[in-house]
Amino acid sequence: MKTVITYGTFDVLHAGHINLLRRARALGDRLIVALSTDAFNTGKHKSALLSYDNRKSVIESIRYVDMVIPETCWEQKVTDVQLHGVDIFVIGDDWQGHFDFLKDLCEVVYLPRTMGISSTEIRQDMRQNEALARLES
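In numbering that gives the first Met the number 0, the protein residues as written are 0 to 136.
Just so you know, not all the hints are guaranteed correct.
Simulated crosslink set (DSSO-like; lysine-lysine; CA at most 27 Å straight-line) [said to hold, decoys possible]:
#1 LYS55 with LYS1
#2 LYS43 with LYS102
#3 LYS43 with LYS55
#4 LYS102 with LYS1
#5 LYS55 with LYS45
Okay, the calculated beta carbon distance ranges per label pair [to be verified]:
#6 LYS45 with ILE116: 30 to 40 Å
#7 CYS72 with GLU135: 42 to 52 Å
#8 ALA132 with GLN75: 33 to 43 Å
#9 ALA132 with ASP92: 32 to 42 Å
#10 ASP92 with ILE68: 20 to 30 Å
#11 ASP28 with ASN53: 25 to 35 Å
#12 VAL77 with GLU135: 27 to 37 Å
In case anyone wonders, no lab produced these hints; they're calculated from the structure. Ideal placement from N, C-alpha and C gives every residue a C-beta, glycine not left out.
Please build the complete structure, drawing on both the sequences and the hints.
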């Protein structure tokens, strides 16, 4: 049985996230998602629109996902790979090379991003729409 793991905040869930999870799950028999906690996001100077518990409920409901664990720090990846018997570490190719240090423990796969959609773009569009709404009122 091959175990795959991926990491992320998965806020403002969109088709690109689903594509990543689907492709990651297709690489093995079990997919673990390490979901960034609110405290970890704060430490990264990143904020999520939805709380950890809310995001966890959503991710757990996706059919490609077998288990959700909290991501609390950058350093936990080695421990997670060992603890969960991970065979394949998957992450978006915007992180190309960053996790090559895991190659001694498991296969590392950088999947191409889904073109035309990103959480950053969605947040920017939301801010623009909010600004327009304020101008119009």
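Verification of the supplied hints:
1. LYS55 with LYS1: This hinted pair holds, its Cα atoms lying about 23 Å apart.
2. LYS43 with LYS102: At roughly 24 Å apart (the allowed maximum being 27 Å), LYS102 and LYS43 satisfy the hint.
3. LYS43 with LYS55: 19 Å, holds
4. LYS102 with LYS1: 16 Å, holds
5. LYS55 with LYS45: 17 Å, holds
6. LYS45 with ILE116: 30 to 40 Å: 19 Å, violated
7. CYS72 with GLU135: 42 to 52 Å: 43 Å, holds
8. ALA132 with GLN75: 33 to 43 Å: 40 Å Cβ-Cβ, so the 33 to 43 Å window holds.
9. ALA132 with ASP92: 32 to 42 Å: At 35 Å between Cβs, range holds.
10. ASP92 with ILE68: 20 to 30 Å: 23 Å Cβ-Cβ, so the 20 to 30 Å window holds.
11. ASP28 with ASN53: 25 to 35 Å: This hint holds: roughly 28 Å between Cβ atoms.
12. VAL77 with GLU135: 27 to 37 Å: Check failed, 51 Å falls outside 27 to 37 Å.
Hints 6 and 12, counting from the list given before, are not met by this structure.
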